[in-house]
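K.L.:
Fit chain B to the given chain A structure using the hints.
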Amino acid sequence: MMKHRIIATVAVLLAFCAGARSQNVIDLIVSEVMAESDSLSLVDDYGRRNGWIEIFNTSQGTVNLGGCYLTDDRDNLKKSLIQKGDLRTQLGPRQSIVFFASGDSSDGTFYTSFTIRPGSTIYLVSNDGRTIVDSIEVPQDLPAGMSVTKIAEDLKQMDFRTVPQPVKPTPYASAGAHSAESKAQKIAESDPHGWTLTVTSVSVVFCALAILWFLFWILFERPAKQKAKAKDKPAAQKKTAVKGGKEDEIAAAVALALDMDGNGETYAAIAMALHLQLTDCVHDTEPYFITIKRSSSSDWNDKTQNFRKYPTR
Amino acid sequence: MEQIISSLQQFWQFTGFANCQWQNIAMIVIGIAFITVAILKEWEPLLLVPIGFGMIIGNIPMFPGLNIGIYENGSVLNTLYQGVKMGWYPPLIFLGIGAMTDFSALISQPRLILIGAAAQMGIFGAYLLALACGFMPNEAGAIGIIGGADGPTAIFLSSKLAPDLMGAIAVSAYSYMALVPVIQRPIMLALTTKKERLIRMPAPRQVSQKEKIIFPIIGFLTTAFIVPSGLPLLGMLFFGNLLKESGVTRRLAEAARGPIVDIVTILIGLTVGASTQADKFLTGKSLLIFGLGLLSFVIATTCGVLFVKLFNLFIRDPKRKINPLIGNAGVSAVPDSARVSEVVGRESDPTNHLLMHAMGPNVAGVIGSAVAAGILLSFLG
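One line per chain: the protein sequences are A and B, in this order.
Numbered according to the working numbering, the first sequence terminates at residue 313, and the numbering increases by one at each position without gaps.
Numbered according to the working numbering, the second sequence terminates at residue 381, and the numbering increases by one at each position without gaps.
Next up, chain A with everything else stripped away, as it sits in the complex (with noise of 0.2 Å):
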């Protein structure tokens, strides 16, 4: 009993851990990277065009990322640190934001203490600064103005690739924008008249319910039928042999009564004997009300009879 209780203990902590861990700093990517800026890239608070670096948020949930690091060097996990306690490090639910590779983080919490160089690996470690929580590999020959890219063909699977070719920046962009249109809108162009969504609904309305019937016809109602059928079959059986037992003894005090009296009163009586009990609508089923008839003279509750009682000589 106490293992069991501790297994499921454990897979409540587990389950509540999963559920954690969708608005954990896992679901950060490096969305986007631009190693070299030409004249018409991103420019930095300080006026200068460099490299950036993009991290989007996957998750549906607000994802905080001071205290995570941001570096080139497998071998140098923890170069750039994200800065703790500034507040705009907390990226909401599917928003992205720029990193500047300005080569000196003490510009500002969103610069890196190095430079993006072509060829290079560009990594996003976890507060812990051992768990890579993702990465992008900027290809050798990367023109300048140029990004390299992750997108989602559908961002509700949340299954970012990269793209293999150089890419116009898009940054502050969320991957995959270009299905922005809404559900609706896109309803409203394929299905128009709304028959398709009608008849769809319609069948998983009725599918659903019908599985609920099918659900409980096979695990209650079925088992109830066949349980009350085994219940009736040895009392019919039984009531069968009763009334076929008996038969000679009503049939012969039926010619007994007739012979004896032979008015219509009782040939009435008798007939209607002979249709209830043919007919089994002789109730023999009491109504099981219990009656109280009070007594005035009743003194069982009296409390002079709780009084000590005085020997008497």
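Just so you know, these hints were derived from the structure itself, not from any lab.
All C-beta atoms, glycine included, are put in the ideal place defined by N, C-alpha and C.
According to the in silico footprint, chain B covers these stretches of chain A (three or more CB under 8 Å from chain B): (1) 187-197; (2) 205-212; (3) 216-224.
Label-pair restraints from in silico Cβ distances: (4) A:Lys229 <-> B:Pro163: 51 to 59 Å; (5) A:Gly67 <-> B:Val76: 34 to 42 Å; (6) B:Gly258 <-> A:Arg222: 33 to 41 Å; (7) B:Pro259 <-> A:Leu219: 29 to 37 Å; (8) B:Gln9 <-> A:Gly67: 57 to 65 Å; (9) A:Gln165 <-> B:Ser246: 58 to 66 Å; (10) A:Gly67 <-> B:Gly291: 51 to 59 Å; (11) B:Leu46 <-> A:Thr196: 37 to 45 Å; (12) A:Arg222 <-> B:Gly74: 53 to 61 Å; (13) B:Ser246 <-> A:Ala269: 54 to 62 Å; (14) A:Arg222 <-> B:Tyr71: 51 to 59 Å; (15) B:His353 <-> A:Lys229: 23 to 31 Å; (16) A:Ile211 <-> B:Arg320: 15 to 23 Å; (17) A:Ala230 <-> B:Thr351: 27 to 35 Å.
P.N.:
Then chain B, alone, in the frame of chain A:
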């Protein structure tokens, strides 16, 4: 003296009289009408009294910027309104519904569950009509859910799909729920023959406690796996029912069906009522929503009754035939629509009690409307 007059003139600008428009008066009159109907006719008084008074509160003309209106961030009413806007209240009401609902009628005759599915046609019928009227699919879905005859579900779905229409949808849903006896009776009588109305259904078998405990678990697993988007409503409904039936959480069940549901009903009614500010509510769209809502109830009732008639064609044993008068109970509106079945049934045969039979499709309707809401949310959300 002049200063006093000037102050009084300035104060006048803050009063409701100075800011009053005919739309405010119209909404206040509607609010009073709701309260009157609730008190005199006893039509859904637990909902119509808070909604009616909320309408009056929300339509008191006032000077904007005082941070007291329901649409002004940080105001008391706005804070209470978050439960509607973010969809917290409906699942809490479902928790209470689960804790007070006895699913025995459904468990004993599981075939009646399909009537609950048929009556959901009202939702999709209204969806098609709303699309034809020019609404966007998400708005049409939110309007369609009125046909589910389930106020909390209507609020939940409209808060997700079309928050701008939520006031009109919620008021429409609750109003028609109150009018269920008026709407359903003529349809039931028109669609059934005297002979059909006299059908006597076999007495439901007695359901064991074990079955009652297993029901919410299986019911939840089945529906939630098929429509996970209905999780908040289905989860709370079945959880509440498990609290009731488990027999070991009596205090929790009592809290869920008592204080919790009462508090949330007050808050939801009042804030939904207050959200019907004249400038946002009195529009052509709202009138259209009311019309579509009425049609959705008509379609739901019609489909429920006709489905039973169709179902009867496949039942060979005359003793197992279903009285079509319980078809209307497939729209959730618990327990009003089941009560309508009983009343109309007794008009034809005073000894034929249909209430227990009608409760089966009635509670199936609650599950069905939550499933339908989940489907609409996954397609359009």
